[in-house]
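Protein chains in written order, with numbering that gives the first Met the number 0: chain A, 0 to 165; chain B, 0 to 111; chain C, 0 to 394.
Simulated from the structure, these hints should not be mistaken for lab results. Remember, predicted model here, so these are calculated numbers, not experimental data. The reader is advised that the hints may include incorrect statements.
Unchecked claim - Listed next, the in silico DSS-like pairs over lysine-lysine satisfying Cα-Cα at most 27 Å (straight line):
(1) Lys23(A) with Lys141(C)
(2) Lys37(B) with Lys118(A)
(3) Lys162(A) with Lys141(C)
(4) Lys331(C) with Lys9(C)
(5) Lys105(C) with Lys118(A)
(6) Lys331(C) with Lys105(C)
(7) Lys62(C) with Lys30(C)
(8) Lys30(C) with Lys58(C)
(9) Lys62(C) with Lys141(C)
(10) Lys23(A) with Lys66(B)
(11) Lys9(C) with Lys105(C)
(12) Lys115(A) with Lys66(B)
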Amino acid sequence: MDVILFTFFALVAIVGAVNLVLQKHPISSALSLVAVMVALSVLFLLLGAEFIAAAQLVVYAGAIMVLFVFVIMLLNAGAERESRKGGFAQFLGLPLTAILLVFASYVITQSMSNAKAVKFGAFSGGGPREVGWELFTRYLLPFEVTSILILIAIAGAVVLARKEID
Amino acid sequence: MSQLLPPEFFTATVPLNAYLILSAILFAIGAFGFMFRKNIITIYMCIELMLNAVNLSFVTFSYQFGKVDGQIYSFFVMVVAAAEAAVGLAIILTIFRNRGTLQIDEIDTLKN
Amino acid sequence: MDFILLSILKTAIAAPVLLGTLAYLVWIERKVLAHVQLRMGPSRVGPHGLLQPIADAIKLLTKEDFIPSYVNHVYYWLAPWLALMFAVTAMSVIPIGPIVEIFGVKTNMGQADISIGLLLILGLTGMGVYGIALAGWSSNNKYSLLGGLRSSAQMISYELPMAIAIASPLLIVNSLNLREIVNGQAGYVFGIIPNWNAVGGLQIFSFIIYLICAFAETNRIPFDLPEAENELVSGYNTEYSSMKFAAFFMAEYANIITACSVATTLFLGGWHPIIPNELGGQFIPTLICFFFAGVLFYHALNPARPSDRLSMGVIGAIILGIGLMFQVPVVKDLAQPLFWFASKVGFLIFLFIWVRGTVPRFRYDQLMRFAWLVLFPAALVNLLLTAFVVAAKSN
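Model the full assembly from the supplied sequences, consistent with the hints where possible.
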């Protein structure tokens, strides 16, 4: 069962990611990214991280991507046009990405040879209680600093997106 | 009905490396899109894809070591991504208002 | 494997009940709205218009499915089903009764008992924005786009005070699991006053703030400018017809049921009776059913129109039977929590419909100003005060 769920949602994530990169219109890319995030949320659930799975749905897929979709609809910029080619470099892109991937996979499998097998329900420390405890005791300073960061981001976004009144 | 399925159906597990390799694949696809797309918003979404891939790898490591710290880092990555998305999209809006285009090829001078 | 079979069985029971409730919610809304406006609602199709939802369903299904040529076909088709899917999925985590044992199988009355149930509901209502935004955008029409964007902006603006209003009783209950939240409201203070979250203390303000945000999330009056017929030519569902329009319609009512169910679970004590069972609470469902059956029999004996004699009599007899069923020992443990939950949700839905008939709608800028300048600070202050009270009580 774990294997079926993992394979299905991993495939959804990869297909969504490839679709994100290949689509011409930004709104199709945005919706593919939402599909990737929902698939990742289920994968987090499989890894026992319940709170992070729910937070991924609420924050990432439900707020950040809505913001993206909003901006794309407001700007209404249309599909991407063909532009000046990149010369020789455009043929290097895909092979170099593949090499990056193979190298990363090799390093991972070599260094994590004693990795545990992932079984649904094996890790029970991901609930809101445990995450909240750590967040408010060990990681209290980063937590407060991120609240200031969000305040700065709000102020910045409001100032930047304001229409100039001449 | 449980007898109709082989016992491996219930006990088969996924190796941890599979999650890490999935994270690497998503990161590589995001990096590829980041370098080769021309629309600013699509580039921004590839950055978000890379951040998500890193989140997956943090949570995987949290599972491996049995501690919740990886999930806390993942939480902070999400918060920072949210703040960054807000400010970045405001910047993109301003660029669109001033230059009238979203193709980065055409936004290549500092002056108008 | 048994878990999967049990879940499929529960879905097979719950899905038709939910869809039937959606259909008859339309009837209830039209009748209640009509009586608020001093007229009768649908009364021709079947006795008292009871077959009206079926007539509406047949009408919507057999209408011509007109797809304009200028729409973006993929998203035009996808949007209503996205809206419906997220609205109905959120119902699956809400518990409607305690853990019961039927034929030896111990299960909870609710589809799924998740430890992060409340966060999941917040997430799914947040994802419901996509259906509306996509519908507005894919219709390739100024009014739809404006309606879709306004509706999405309204929904995400009101999600914030809603989440904070939900967080206030969570401080008291200390769990995100909806079943535990209901069980935390189980006792009775002074033996007679129920220990619900909305009764006594600051949480009444959380309840009010949550209800106002629920009105806005479900696009109901007074916040329904994005879909008002006389403002924006019906907003984001202008270009939709037949089955897809029905899907949006159903999604809106499913959102209403979900919002009322969450309010019941968090603030009104879920499936717990209003008077303790020992003091006679177990007879209340039966007494209420007998009262309604009595009213119906009276109207059957003094009919306002000739067909009333039969229809009122039959419905009265059915309700009498249901009232008697509440006392049968085996069924009692299943049926009574269901009755209390359904009646509380029903009262809140009646409140939604009542407000629709009574209150004028907000202008869009008044709506957004209300969210950011009134509700959001009020919710924050409420959370702060609740935190103080909880901290003071625990010392």
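Cross-check of the supplied hints:
1. Between Lys23(A) and Lys141(C), the direct Cα distance comes to roughly 23 Å. Compliance with the 27 Å bound is thereby established for this hinted pair.
2. For the hint pairing Lys37(B) with Lys118(A), the CA-to-CA distance comes to about 41 Å; that exceeds 27 Å, so the pair is violated.
3. Between the alpha carbons of Lys162(A) and Lys141(C) the distance comes to roughly 22 Å, so the proposed pair stays at or under 27 Å and holds.
4. Annotation: proposed proximity of Lys331(C) to Lys9(C) holds, straight-line Cα distance about 19 Å (limit 27 Å).
5. Distance check on the hinted pair: Lys105(C) and Lys118(A) sit about 25 Å apart at the alpha-carbon level, within 27 Å; holds.
6. Taking the CA atoms of Lys331(C) and Lys105(C), the gap is about 16 Å. The hint holds against a cut of 27 Å.
7. A distance of roughly 24 Å separates the Cα atoms of Lys62(C) and Lys30(C); the hinted pair therefore holds under the 27 Å criterion.
8. With a CA separation close to 19 Å, the supplied pair Lys30(C) and Lys58(C) stays within the 27 Å bound.
9. Pair hint Lys62(C) plus Lys141(C) holds up; C-alpha atoms about 25 Å apart against a cutoff of 27 Å.
10. Note on Lys23(A) and Lys66(B): the hinted pairing is violated, with a Cα-Cα distance of about 42 Å set against a maximum of 27 Å.
11. Between Lys9(C) and Lys105(C), the direct Cα distance comes to roughly 13 Å. Compliance with the 27 Å bound is thereby established for this hinted pair.
12. Between Lys115(A) and Lys66(B) the CA atoms are separated by roughly 14 Å; this keeps the pair inside 27 Å, and the hint holds.
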